[in-house]
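On the provided structure of chain A, position chain B as indicated by the hints.
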Amino acid sequence: MPATTRLTFAIEGMHCASCTLLIDEVLEDLEGVHRSTTKLRKRQTVVDVDPTACTPEGIVLAIAEAGYTASWQT
Amino acid sequence: MNLAAIFLTGLFAGGVSCAAVQGGLLTGLVARQRPVLEPVLAGSRAGGAAGKKTSPGNRENAAQVAGAGWRTSLADDLAPVGGFLAGKLVSHAMLGALLGGIGTAVELSAYTRAWAQLLAGALIIGFGLAQLEVGPFRGFAISPPTSWLRVVRGRARSQAAFAPAILGFATILIPCGVTLSVMALALTSGSWINGAATMAVFVVGTSPLFTLIGYVAHKAATTWKGRLAAATGIVLVVMGLYTLNGGLTTLNSPFAAKNVAAAFGAAPAPVDGSTVDTTTDGTQTAVITVSPGSYSPGNVLVKSGVPTQLVFRSENAAGCERALVISSLGVQQVLPANGDTVIDAGILAPGIIEYSCSMGMYSGRITVQ
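Taken in sequence, the protein lines are chains A and B. With my numbering, the residue at position 22 of the first sequence is 22, and numbering never jumps. To get my numbering, take the position in the second sequence, counting from 1, and add 1000.
Each hint should be verified, as a subset may be incorrect.
Computed spacing ranges between beta-carbons, pair by pair [what the hints assert, rightly or not]: (1) T74(A) - L1078(B): 42 to 48 angstroms; (2) Y1111(B) - E57(A): 55 to 61 angstroms; (3) S1147(B) - R6(A): 20 to 26 angstroms; (4) I1102(B) - E12(A): 46 to 52 angstroms.
Worth flagging that the hints you see were computed from the coordinates, not collected in a lab. Just so it is clear, CB atoms sit at the ideal spot from N, CA and C, and this is done for glycine as well.
Isolated chain A, as found in the complex (with noise of 0.2 angstroms):
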């Protein structure tokens, strides 16, 4: 069972239900993660990640990808 860190981003752009699905989608389908949950209230995405095959910062490019901006709150 690998390791798991539970990492938490702030989203700037998300307007709909939508777009938390979008980006859940996206981070689901790296490398590592195991679990996205965003919420469009409080602007917010949790992640679950294996550490080991997945930084903050590749998060933050996939969900600019995706045309949002996060920032990693430590």
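Leaving out everything else, chain B in the frame of chain A:
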């Protein structure tokens, strides 16, 4: 709101907001399903089979490969788009029919309907300002239940042949602000047919841009997303003001655009008695022609103190103008597409009688002298 305006709303506001987001969902679904993507995706991910993991950037590659596929096989690439839009059209038209039917079944009075329209207008403006990220409206959003989101996500990961159509159908569960606004209009549209038409025309309006930028060029859509969101916000605010004005017109509020214009000196339509006839028994009959988007004459002149019949003569009437409201006479009636509707107005006192369609988009006046 007439169907042409709904279409334009879909084209300019719904299209861009749907395209940039739901296009991404569809792209992901097709990428997972399509074997042609395997060689590209397999190079940098943990496996070749559909649904396996990738690394940042490869989703764009998937979209680009989908674009390459488009060049070699247009039909193959447009098929999922067509399926998605067809599914979306069906579910949205069904909900529109339901909303229009509910709005009719509860028999909203003209007064209540006008207030519902004011509420819808305010809601639409709120969504527009949220899209524009204006101050306190930034967080203004309606989020569907988590279980609904789960249903849509399940459809987005389906391997079934009809998955794009089913995903399109399921998007009814995740309406954006624009779609919610059009749903509000469907509720006040006056009949289940109008409700279905309102939602269907909206989805048809979203189709061209969805096809162009949402799927074929998804990368471009994400790049433009900020500007598209601003454009959508502006269209929404305009649409909200238009809707709000419809409610104000029905209520004959001094804040309705036509009354504001009159207050600033704009002359109303000149009185016209050319369509009024008086029979031998002294009854006068005023004929008002109802055609797409207008009542004519716009200001009919009748005499006071004599029995009066109003004849609303429909000539290919097709839109909102068929839902006639004359608040001061207690009239709320759906006119036929063609033919006469006779309203016994009784003996009128001197003054002005205002009337409009149920959504206040088209209006007219009867001047009694």
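Hints, one by one, checked against the model:
Between T74(A) and L1078(B) the Cβ separation comes to about 45 angstroms, which falls inside the hinted range of 42 to 48 angstroms. Evaluation of the 55 to 61 angstroms hint for Y1111(B) and E57(A) yields a pass: the beta carbon distance comes to about 58 angstroms. A hinted range of 20 to 26 angstroms for the beta carbons of S1147(B) and R6(A) is consistent with their spacing of about 23 angstroms. Taking the beta carbon of each, I1102(B) and E12(A) are about 37 angstroms apart, not inside 46 to 52 angstroms as hinted.
The structure fails to meet hint 4 from the earlier list, while all remaining hints are met.
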